[in-house]
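Visitor: One-letter residues, chain by chain:
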Amino acid sequence: MTSQPSEILRVTDLRTYFPVRSRGIIPRTIGQVMAVDGISFSLNAGATLGLVGESGCGKTTAGRTVLRLVRPTSGKIELDGQDITNLSTKELVPLRRKAQIIFQDPYNALNPRHTVGKIIEAPFLIQGVEPPGGVRRTVQELMERVGLNPEHYNRYPNEFSGGQRQRIGIARAVALKPRLIVCDEPVSALDVSIQAQILNLLKDLQDEFGVAYLFIAHDLAVVRQISERVAVMYLGHVMESAPRKIIYTGPLHPYTHSLLSAVPIPDPKRQKERSRILLEGDLPSPLNPPSGCVFNTRCFQAQERCRVEVPPLVEVAPGHEVACHFPVATPPAGGRVTPVQLGDAAAPEAAAPGA
Amino acid sequence: MSQSVDTSQGIGRNREAYLSVTDLVVRFPSEDGIVHAVEGVSFSVQRGKTLAIVGESGSGKSVTAQAVMGLIDRRVASVSGEVWLDDEELVAMPDEELRALRGAKMAMIFQDPMSSLHPFYRIGAQLTEAALVHQKLSKSEARSLAIEMLRRVGIPAPSQRVDDYPHQLSGGMRQRVMIAMALINSPALLIADESTTALDVTVQAQILELISTLQAESDTAVILITHDLGIVADIADDVVVMYGGRLVEAAPTNRLYYAPQMPYTLGLLTSVPRMDRERVDRLDPIPGNPPSAVNLPAGCVFQPRCTYSDRVLDGACLTANPDLIAVEPDHYVRCHLPSDERRRIADGVLASLAGDPG
Amino acid sequence: MFLLLFLLSLTVFFLFNLLPGDPARLTCGKACTPAIIEANRHRLGLDEPAPVQYVKFVTGIFVGRTFSPDSPKPIICNAPCLGYSFTRHESVMSLITRSAPVTFFLAIGAFIIWIIIGISAGIYAALRRGRWQDRVLMTISLIGYSLPSFFLGLLLVFFVIIKWQLLPFPSYVSPFENPVQFTQTMILPWMVLAALNAAFYVRLTRNQVLETLGDDYVRTARAKGLPERTVIVHHALRAGLTPIVTAAGLDLAYLLGGAIITENIFSLPGLGALAVNSITDSDLPLIAGITLLTASLIIFANLIVDLLYAVIDPRVRLA
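Protein chains in written order, with my numbering: chain A, 8 to 362; chain B, 90 to 447; chain C, 105 to 423.
No wet-lab data here; the hints were simulated from the structure. Don't take each hint at face value.
Covered stretches of chain B (in silico footprint by chain A; criterion: 3 or more residues with CB under 8 Å from a CB of chain A, positions within the stretch not fixed) [what the hints assert, rightly or not]: (1) 252-264; (2) 308-319; (3) 361-374; (4) 426-433.
Chain C is nowhere near these chain B residues, computed Cβ spacing over 12 Å in every case [said to hold, decoys possible]: (5) Val180; (6) Ala271; (7) Ala415.
C-beta atoms are modelled at their ideal positions from N, C-alpha and C, and glycine is treated no differently.
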């Protein structure tokens, strides 16, 4: 299957494994962290795909692999119709104009020894682009566009607040008007009152430049705000992928149901009336994921088949894909749900409180 | 309706509450000037109830908690006001006496469980250490107590896990260990400072449920410090909103969410993306940035970001810090706007938040 | 580690052979004729090809060696044979074992003193950070760090022994024989070595404690209501111990090989003095033997320090 013309990114069966080496005189590879274990998705030009999941689900690794900041183990990445999976570093340089990244931590993403002007200028200088009116003028216009004072051109990052630093990072990312920006948790480290400002800014820039976003986040409310499509990841797999409205109002995967019910909503009466699914236990280790469906150890409706057979990601409705043997529209009516214990999954030693 | 939220301005302590804080002020000297971390904050919590302190960076919420616990180095910072824990006053108390209460009558858990546990000691050792410093127990009694606490917080196979090192546990487990460590001496007050911020949302739900359960079992007073309005709606009975070191609104949870009065609270409720409301294309953010604690604006601390300050006559917002006034018996607001004006604004904004999620 | 030891032995061996001077010539003395030199060369096995000499050298370390076995007077050097000193007519090993205890007591005594002073002062400076006590301690430690050992040593000898006559001239005697004289002899050298080294540990400990005091688990320890002493020693210091242990292990190993200048000033017949004499006498086997020994000590110390990491930091263990 090849890329459609309006697709800016297509990822097919992408896998990124990190080897784990033993210490000692002669290091051997004793295992692999299967951070991304066979995901496929596509992103249309000018659109936003939200990649959501908890820690260890592989979303950050996926974002970095797509930009070739991390080497993929197998699979295919097509950027604007071009297969970039195996390009050398040198060949990738011109593609950096098309695809950029915004990082999570505004305090670590900027070189503290460079002035703001130098930071935002860098893309022009590296790619050898001379914008009309000169680099400095353009940088100052960019600063204004993202809500910074252009007179602060010569200031250093430590003179800015977290939100302002993130704006600098955004200015740097949009400088060359890329077609794709991977946003890796861009608002997680910001104050709540600033998050809304940055989300608005990202939306405005998208409307203005037609850039596509791969928006990676763990905050479901934020993802809902900015994405047209959402893909839910768990332990390196895509569990469900659908248009935004469907994911939030009509999900089919048990994990999506669990995730949505775990997010507290700022409305006391409604929050207390909600039926909640409380997942037991912690995430399995990505070094040793469960067999079959990776979610089966915590799933409230897992059955024997789930332990044995990996469910493929299939389209159950137009644009709606689910990786589950028994997709369910209405989850059980709340309270604590103990996952169905299968096979050799050890039972917890003592009953959990309140059970 | 609880009586958890108290009056302030030095009127006096709430004798029914387990913890009563009156006019707490904390200031640090720094290279750039005096940092006004906490400026005259008052609140109280009763046993069996949960108070949420809501604020962003620079609001002073963490410093307030640390001042209550006596973790502020008084040789460096100046702490004044009154903190009544049960029947003892803490601000004037000598350090040694305060230390005896810390971990015994009041306990605190922090944000990052990965770095909050000592990496070199087994969790059993860290738990027994917490018990032995306050209780007269033998080593084996302390160890049994530690195992029992691990079981209570839901750690599977506690008698084996007790000898694990922190790095062998996951984030959620570690936070449970922190809770076990805090509750091992059965304190009547538990302070949780952003304790679920670093956790995944499914784990967060488990931890909040655990705290609620343990609270019900032991009638513990809980103070939850957070910036997440969802968590507050979930388990708090009363809320106190802090901004720029000041208390700007205090009310029982329902009142705060359905009839907020202070523009900052209103801004918080309406500017965050909400899953329970219809999606809007553009959010309505609070303009500007949180204040620097060194150069607090004169007048109302929220004024530089307030969209309604022009509705106040003779520019009082710029010159005078508003007093904390009671709009209802347990609902306090610090704002110059006339109360009917505030109510109108609040009703208008909340109504504009569309109904069911779309 | 074994690779290192192998390379070490090779290096020592080649240095021994590459040094100017003919080893056979040096065995001779004044009444020397070329015939005697040749005879000696043959007796000592120095006319054999280099690799053979090397192998004999290395095997000698494990099983002992006999020089000129087919002559009427074979020289037997028992295992571990680090060589035979022809000028002193004794095996290197026995020379070393005679001098080693002196150096051992010197090093250990000074080590204990400087660790106690260094770490306590370091903790104190960290707690009084920025204040006058901190500044004074840092200044003193800077001075101590920069003072050459002979300067301090000579100063002490001049004032304490000669001028004020508080102590007699140092004359080494085993502590089991005469503990009082032993202490009187060792006290000044201990102070010299301790002064120099403590300075480094004051700074190192201070930095480590300052760093770990800001960590979250220290805040947790305080929140538990632990006494401040426990917080500082058991939580903060313990967490920052690794670089201190590294430095201490290597410093001690280095000293055990002989504190040359200090031993010289205080006339202590230790390994340092032995090493100096061997150089002035051009006693090549002895030089080679001492070099091999001290270098091996450092290598072993590295290994032990590595193992200690695992004891201190459990995260290192499970790999």
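Visitor: Evaluate each hint against the coordinates.
Guide: For each hint, the structure was consulted:
Residues of the segment 252-264 of chain B lying with their CB closer than 8 Å to a CB of chain A number 4, which satisfies the three-residue condition for coverage. Closer than 8 Å: that is the beta-carbon criterion, and the segment 308-319 of chain B has 4 residues meeting it against chain A, so the requirement of 3 holds. Counting residues of the segment 361-374 of chain B whose C-beta sits closer than 8 Å to any C-beta of chain A gives 11, which meets the bar of three, so the coverage hint holds. Only when three residues or more bring their CB closer than 8 Å to a CB of chain A does the claim for the segment 426-433 of chain B stand; here the count is 0, and the claim is violated.
With a least beta-carbon separation of about 17 Å from chain C, Val180 of chain B lies farther than 12 Å from that chain, consistent with its non-interface assignment. Not every C-beta of chain C lies more than 12 Å from that of Ala271 of chain B, the closest at about 8 Å, which undercuts listing it as non-interface. With a least CB separation of 34 Å from chain C, Ala415 of chain B remains clear of the 12 Å interface cut-off, as annotated.
In terms of the numbered hints stated before, the structure departs from hints 4 and 6, listed from lowest to highest.
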